[in-house]
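Asks: Line by line, the protein sequences give chains Y and P. When the letters of the first sequence are read in order and numbered with the working numbering, they come out as residues 1 to 391. When the letters of the second sequence are read in order and numbered with the working numbering, they come out as residues 1 to 81.
These are computed hints drawn from the structure, not numbers from a lab. It is possible that some hints are incorrect.
Claimed, not checked - One-sided and incomplete, this derived list gives chain Y residues near chain P with beta-carbon spacing under 7 Å: (1) V152; (2) D163; (3) R165; (4) R168; (5) A274; (6) P356; (7) A358.
Unchecked claim - Derived DEER-like restraints, expressed as beta-carbon distance ranges: (8) Y/V70 with P/K20: 29 to 35 Å; (9) P/K20 with Y/R390: 30 to 36 Å; (10) P/Q13 with Y/V271: 45 to 51 Å; (11) Y/R268 with P/Q13: 38 to 44 Å; (12) P/S63 with Y/R104: 46 to 52 Å; (13) P/D29 with Y/A92: 52 to 58 Å; (14) Y/G294 with P/R65: 25 to 31 Å; (15) Y/R172 with P/Q13: 50 to 56 Å; (16) P/S63 with Y/G42: 48 to 54 Å; (17) Y/S333 with P/Q13: 26 to 32 Å.
Stated by the list, open to error - From chain Y, some residues computed to sit far from chain P (all C-beta separations above 10 Å): (18) A111; (19) F272; (20) Q378.
Don't be surprised by glycine CBs; every beta carbon is placed ideally from N, CA and C.
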Amino acid sequence: MSLFDKFHQLAVTRQALFGDGTVPFGVVIEKVLSATEAIVNGRPTILAGTNNYLGLAFDPVCIEAARGAVQEQGTGTTGSRMANGTFAAHAALEQELSDFFGRRSTIVFSAGYLANLGILSTVPGQDDVVLIDADCHASIYDGCRLGSAEIVRFRHNSVADLDKRLRRLAARSRRAMIVVEGVYSMLGDRAPLAEIAALKRDYGAYLLVDEAHSLGVLGAQGRGLAEEAGVETAVDFVIGTFSKSLGTIGGFCVSDHPELELVRYACRPYVFTASPAPSVVASARAALAALRTGPELRRRLWDNARQLYGRLRDLGLALGPEVSPIVAVLMASPEQGVAVWRGLLERGVYVNLVLPPAAPNGGCLLRCSISAAHTSAQIEVVVEAFRATRS
Amino acid sequence: MVTYEDVLTQTYQILARFAKGQKLTEGTDLLADLGLDSVQVMELLLEAEERFDISIPLNILPSVRTVRDLAQRVQQLMERA
Numbered sequence: 001m002s003l004f005d006k007f008h009q010l011a012v013t014r015q016a017l018f019g020d021g022t023v024p025f026g027v028v029i030e031k032v033l034s035a036t037e038a039i040v041n042g043r044p045t046i047l048a049g050t051n052n053y054l055g056l057a058f059d060p061v062c063i064e065a066a067r068g069a070v071q072e073q074g075t076g077t078t079g080s081r082m083a084n085g086t087f088a089a090h091a092a093l094e095q096e097l098s099d100f101f102g103r104r105s106t107i108v109f110s111a112g113y114l115a116n117l118g119i120l121s122t123v124p125g126q127d128d129v130v131l132i133d134a135d136c137h138a139s140i141y142d143g144c145r146l147g148s149a150e151i152v153r154f155r156h157n158s159v160a161d162l163d164k165r166l167r168r169l170a171a172r173s174r175r176a177m178i179v180v181e182g183v184y185s186m187l188g189d190r191a192p193l194a195e196i197a198a199l200k201r202d203y204g205a206y207l208l209v210d211e212a213h214s215l216g217v218l219g220a221q222g223r224g225l226a227e228e229a230g231v232e233t234a235v236d237f238v239i240g241t242f243s244k245s246l247g248t249i250g251g252f253c254v255s256d257h258p259e260l261e262l263v264r265y266a267c268r269p270y271v272f273t274a275s276p277a278p279s280v281v282a283s284a285r286a287a288l289a290a291l292r293t294g295p296e297l298r299r300r301l302w303d304n305a306r307q308l309y310g311r312l313r314d315l316g317l318a319l320g321p322e323v324s325p326i327v328a329v330l331m332a333s334p335e336q337g338v339a340v341w342r343g344l345l346e347r348g349v350y351v352n353l354v355l356p357p358a359a360p361n362g363g364c365l366l367r368c369s370i371s372a373a374h375t376s377a378q379i380e381v382v383v384e385a386f387r388a389t390r391s
Numbered sequence: 001m002v003t004y005e006d007v008l009t010q011t012y013q014i015l016a017r018f019a020k021g022q023k024l025t026e027g028t029d030l031l032a033d034l035g036l037d038s039v040q041v042m043e044l045l046l047e048a049e050e051r052f053d054i055s056i057p058l059n060i061l062p063s064v065r066t067v068r069d070l071a072q073r074v075q076q077l078m079e080r081a
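Only chain Y is shown next, with the shape it has when bound in the complex (with noise of 0.2 Å):
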């Protein structure tokens, strides 16, 4: 016996799965050569599983401004902002985000899996219950598991099966935070907000929306789900990241709360951690800004989530239920899905290889995410990789 015996199955199955081959982990991207381009295993190759939606990671604007934060503050914070305080672009930044989104307040944290953990974590409590759609992000389970409120599921995207667990609860439901996302990762599916909220009006209870796909994404002014939906009013907290649609790393939640400045100090992954350093604060800023000048962004990606979806279902592939800049093809199995997503590599096409339990229902996908950087050439080559592969 020994600590690591719980890991043996883990490499009985990845051996059987992957053999010698290409893993996932493996992937090494050699050179980076844009927002969609990259050197891998030696191939030029075209990258559509970044979450760089509107290509911000590579905007000459961000860049400029990190690299100047570098030089005028440093590499690093090197300590959380209890200990070493806040630099004056923090608070900016949480003021900019506030701004943004017409709400009281912003906590900025270092990733989005913390802002989830954190928040999650610390503003649920002992006597309060969390309804979480079944196919929410990992970083929602586990602030649940950091937690210590009653933790319960509801079938994804069922209107009907969370108005019967609130039911359930009876005048708890008063003590119920609902937590959704407005794009889920895997499948690209948006929640039923407007339902939804409606539901939570109902029954009293809280809703957090996870943005995180949707920020930059959906809504007229770029806001996510919530305001596409009409809904903005019904969402109590709002959590988001920096590392998709924004370019670097980090995470916010925003709220009108005004107990959302208390939670700085009762939350551990706020307070335990290192606060983000000055060139991501500086990127993110940039990339907001960018955000907020208009739609064209956003019209470019959705142009080129419809063109990818389109032909992907043109050549017979089972897809998401919907067009989204995330576009999951699935396979009818792991063995499949990764024969495929290797020959795909070999044509020099990069994507997600999603095996479960992170696929939904026990499923494999490849998984593709789209930019607004994409050319509409890229994305015909990516289709015509799919074609080759499958044939």
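Using the hints, position chain P against chain Y.
Replies: Relative to the frame of chain Y, chain P by itself:
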């Protein structure tokens, strides 16, 4: 008031499709004996929730190893409802 025996009988019925012919007892370990993975555990919970018309908090999972553990927790939740 539902009895433990009632819950246990129905728990066996729910578990039948996960057991793949294995004989089930109160002491059957859901992971070690039936080899359920995390996805199957979630399916099992959903079926039990439908059958008993309760919500089963995920918090109970670390303390549920056997069929007996599951039936006892379900009975407690039904009494609380």
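Asks: Quick check: which numbered hints come out false for this structure?
Replies: 2, 5, 7, 8, 12, 14 and 15
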